[in-house]
Amino acid sequence: MKQYAGFIALAALALAAAGWMRFGQPSQNAPAPQETERTEPATASPANAAPRAQGSGFDFYVLSLSWSPAFCASDAGRNSRQQCGTDRRHGFIVHGLWPQNASGYPEFCGKDRNERVPDALGRAMFDIMPSMGLIGHQWRKHGTCSGLSQSDYLDTIRAAYQRVTLPKEIASGTAPRTLSADAIESAFISVNPAMTKQGIAISCDGPKLEEVRICMNKDLSFRTCPQVDRRGCQSNAADIIPIR
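Those letters in the sequence shown? Residues -24 to -1, 1 to 220, per mature numbering (1 follows the signal peptide of the UniProt record, and there is no 0), in order.
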């Protein structure tokens, strides 16, 4: 038997290897693992939507949404190739996210009035803030008063923008329209149920819709702000310039 012991051992090893080859390796025909179904709500609550870093040293934010066609029709806009070039077709863009107090607002809180925002940070915002000049100015004037780093401030701007649903009948910009300031506010409130008339203000440039300003808490939930609302445009006929 000793002379066959080696052969028996080798045979046992061969059988074990064959079994592993059949059962130990995953089959190429086996179904792929199913992706876990997402359970998050389609629209996150304000607490979940807000970025982890929250600002400090002020009371609340004002998110200013600029109607880009109106800016591009102005003298200043005609010189802004990044925002108003012939291949740029923007509607609402972010003018800024402004720290605000119950009375007034802080500005230029940084030590360096010439501090720059790196291109790598700024250009990632071009879909909603299409100009390095705009981004840099907003950081120096308002972002430095937010208690946030440049990166966290820009992340907060994007989160605030994403918090707002834009009314399609205005944001599409397909044709010239004339609406009262009250009707524009109502259009925003209709698609943002937590928003109220006391938490939104319209800014006009003469007869033209210029901006929509929306007040938010630091967690980016909507809030009232009578001091901002009082300064809003009360026009009965604000012209909405179409997107080119």
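Bear in mind the hints are in silico, worked out from the structure with no lab data behind them.
Check the hints yourself; a few may be wrong.
[As the list claims (entries may be wrong)] When the alpha-carbon atoms are kept at most 30 angstroms apart in a straight line, the in silico DSS-like pairs for lysine-lysine are as follows:
#: 1; residue 1: K184; residue 2: K144
#: 2; residue 1: K173; residue 2: K117
#: 3; residue 1: K87; residue 2: K173
#: 4; residue 1: K173; residue 2: K144
#: 5; residue 1: K87; residue 2: K184
#: 6; residue 1: K194; residue 2: K117
#: 7; residue 1: K194; residue 2: K173
#: 8; residue 1: K87; residue 2: K144
#: 9; residue 1: K117; residue 2: K87
#: 10; residue 1: K173; residue 2: K184
[What the hints assert, rightly or not] Label pairs and their in silico Cβ distance ranges:
#: 11; residue 1: A151; residue 2: S127; range: 35 to 41 angstroms
#: 12; residue 1: R220; residue 2: P183; range: 15 to 21 angstroms
#: 13; residue 1: S148; residue 2: G80; range: 32 to 38 angstroms
#: 14; residue 1: C85; residue 2: A49; range: 31 to 37 angstroms
#: 15; residue 1: D103; residue 2: N77; range: 29 to 35 angstroms
#: 16; residue 1: A78; residue 2: D103; range: 30 to 36 angstroms
#: 17; residue 1: D63; residue 2: G86; range: 32 to 38 angstroms
#: 18; residue 1: T172; residue 2: D63; range: 17 to 23 angstroms
#: 19; residue 1: A100; residue 2: N55; range: 19 to 25 angstroms
#: 20; residue 1: F102; residue 2: D158; range: 28 to 34 angstroms
#: 21; residue 1: G182; residue 2: S162; range: 30 to 36 angstroms
#: 22; residue 1: T172; residue 2: S148; range: 36 to 42 angstroms
#: 23; residue 1: K87; residue 2: T141; range: 37 to 43 angstroms
Idealized CB from N, CA, C, for every residue including glycine.
**Request:** Taking the numbered hints from earlier one at a time, note which ones the structure violates and give those numbers from smallest to largest.
**Result:** Violated hints: 3, 5, 8, 18, 21 and 22; rest satisfied.
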